[in-house]
Amino acid sequence: MKACLRPLAIAVVLTAMTSATGVHAFSDDLKRDLDAIGAPIRPAPVDPAIAHALQQISPQQVQHTIETLVSFHTRNTLSSMTRDLPAGQGVSAAADWIESELKRYSADCSGCLEVRRDTFTESPQGRVPQPTTITNVYAILRGSDPSQAKRMYLVTGHYDSRNTDVLDTHGFAPGANDDSSGVAVSLECARVLSRLKPRATIIFAAVAGEEQGLNGSRHLAKLAKSEGWQLEGVLNNDIVGGNTTPGDTLQNKSLVRVFSESIPAPATPEQARLIQGLGYESDSSSRELARMILDLSTTYHGIGNARKSSSGSAYFRPVLEFRRDRFLRGGDHTSFNQEGFPAVRFTEWREDFNHQHQNVRTENGIEYGDLLKFVDFQYVAHVAALNAATLATLAYAPPAPENVRVVTKDLDNNTTLHWIGSDAPSGTKYEIVWRELTAPTWQFSTNKGINPSNQAPGEYAVTLPISKDNVIFGVRAVDAEGHRSPAVAPMPER
945 MKACLRPLAI
955 AVVLTAMTSA
965 TGVHAFSDDL
975 KRDLDAIGAP
985 IRPAPVDPAI
995 AHALQQISPQ
1005 QVQHTIETLV
1015 SFHTRNTLSS
1025 MTRDLPAGQG
1035 VSAAADWIES
1045 ELKRYSADCS
1055 GCLEVRRDTF
1065 TESPQGRVPQ
1075 PTTITNVYAI
1085 LRGSDPSQAK
1095 RMYLVTGHYD
1105 SRNTDVLDTH
1115 GFAPGANDDS
1125 SGVAVSLECA
1135 RVLSRLKPRA
1145 TIIFAAVAGE
1155 EQGLNGSRHL
1165 AKLAKSEGWQ
1175 LEGVLNNDIV
1185 GGNTTPGDTL
1195 QNKSLVRVFS
1205 ESIPAPATPE
1215 QARLIQGLGY
1225 ESDSSSRELA
1235 RMILDLSTTY
1245 HGIGNARKSS
1255 SGSAYFRPVL
1265 EFRRDRFLRG
1275 GDHTSFNQEG
1285 FPAVRFTEWR
1295 EDFNHQHQNV
1305 RTENGIEYGD
1315 LLKFVDFQYV
1325 AHVAALNAAT
1335 LATLAYAPPA
1345 PENVRVVTKD
1355 LDNNTTLHWI
1365 GSDAPSGTKY
1375 EIVWRELTAP
1385 TWQFSTNKGI
1395 NPSNQAPGEY
1405 AVTLPISKDN
1415 VIFGVRAVDA
1425 EGHRSPAVAP
1435 MPER
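Under this note's numbering, the first residue of the sequence shown carries the number 945, and numbering increases by one thereafter.
Read the hints as simulated data drawn from the structure, not as lab findings.
Ideal placement from N, C-alpha and C gives every residue a C-beta, glycine not left out.
It cannot be assumed that every hint is accurate.
Derived DSS-like pairs: lysine-lysine, alpha-carbon spacing no greater than 27 Å straight-line [stated by the list, open to error]:
no., residue 1, residue 2
1, K1047, K1166
2, K1392, K1373
3, K1392, K1412
Listed next, with one range per pair, are the computed distances between beta-carbon atoms [stated by the list, open to error]:
no., residue 1, residue 2, range
4, R1048, S1397, 49 to 55 Å
5, E1214, S1067, 30 to 36 Å
6, P1030, T1193, 36 to 42 Å
7, I1207, L1355, 45 to 51 Å
8, G1274, P1396, 44 to 50 Å
9, I1207, E1171, 24 to 30 Å
The whole structure should be built from the sequences, with the hints applied where relevant.
So, in structure tokens, the structure goes:
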């Protein structure tokens, strides 16, 4: 993976050096004294324990999970209130099975998972015509470091399904891709990561009510807020089955989209104006989480189920989509965004809408319905590996720096940054990253010249000979093993 990405890093530098814009002077400075200022971003080192966990992710286990969820005939959220379904059908039976799977994983790791049900009654509204019982099922892997366990990361998919009529509680609604595939990702992450002992806490969830209006995730997000969860990242997997429609030549099994919001959902008008004035529309905590996913895809490239795509034509990788979600659609990550938590959505590269929200049937030679045969289990395993690598790295990494500021009291061509490293484990170091204003991802980094500040305990400072007007800076924490936190963009300080 690293060898494959090295030419890309070099290309970034060469592109900057040959630019006809004002960036050219900056690149000449970098060329003359690269070691004194910074170096091209490089992939983080591989953690052997995480790599081993990724190798345990199984397409066969993914298939078993999806087949079992499809076997419940319908998982329509409203079926929890239906009393005439045959035994073993409906959303409640599916919830029971998911809970049993998580408990089985917990038994395999000597009770390391706390398996819980978040059950509530949704009042009539929109697509919920009567008071309806909704259950979210989740398992908590507590962090092994008491000082870091309060930090939490969550992965989820929605286990409810639907057909054409969202109120139909009896019709066959297999929901193989939408969203048994996402639940399979969450369960696989639980199965393989429960064998690790990360410093921070990881939560593996399966929510209901998504098709009725994000009801389950909204309740879980509000629960997290009310209980004071320090939720620092949410990975939502929805329609990650690698749709396989015969004759679709535009599908790309080597790509998965990662959607992320720009302006944080709960931002006040004043905060939104500040973000726009600084040019930070692409530096929300959700977007930094997305960049972290891309970064880790380079680190674990070629390991376990992060190997070549199921078609064998290209390496599997994420594509950052700088918008909250697709047109006319929504997802459970938005529920967490609305409560102020960083959250992103994983979705396959090219959806087939004949296989979503459709009654199972054949018309004019076209097959409709979200059937098992259109799911690529190897593709889902790739997505699970990317999720698992991200969750594990974040849970091992030190906390991101706090109160990151850029000094703006003087007109000069240098940049001075301050930040606080509170609650950071021993051995934590910090790294400055930056990118050109037009670049989507971090390009350069340095850890030189960083010194403790005299202004406050745990405060650090650095001054770089780079104009803050020409680039966007970030600061991230790094431990001795190379686990990195997401970067934090600085706020101006006079």
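We went through each hint and held it up to the structure:
1. The straight-line distance between the Cα atoms of K1047 and K1166 is roughly 25 Å, inside the 27 Å bound, and the hint therefore holds.
2. As the CA atoms of K1392 and K1373 are separated by approximately 11 Å, the hinted pair is consistent with the 27 Å bound.
3. In summary, the hint linking K1392 to K1412 is supported, as the alpha carbons are separated by about 17 Å, within the 27 Å threshold.
4. Taken as a hint, the range 49 to 55 Å holds for the pair R1048 and S1397, whose Cβ atoms sit roughly 50 Å apart.
5. At about 34 Å, the CB distance of E1214 to S1067 agrees with the hint of 30 to 36 Å.
6. For the hinted restraint 36 to 42 Å between P1030 and T1193, the CB-CB distance of approximately 41 Å keeps it satisfied.
7. Take I1207 and L1355: their Cβ atoms lie about 28 Å apart, and the range 45 to 51 Å is violated.
8. Our hint of 44 to 50 Å for G1274 and P1396 holds, since their Cβ atoms are close to 45 Å apart.
9. The hinted range of 24 to 30 Å is satisfied by I1207 and E1171, whose Cβ atoms lie roughly 26 Å apart.
Violated hints amount to a single one, hint 7; each of the other numbered hints is respected by the structure.
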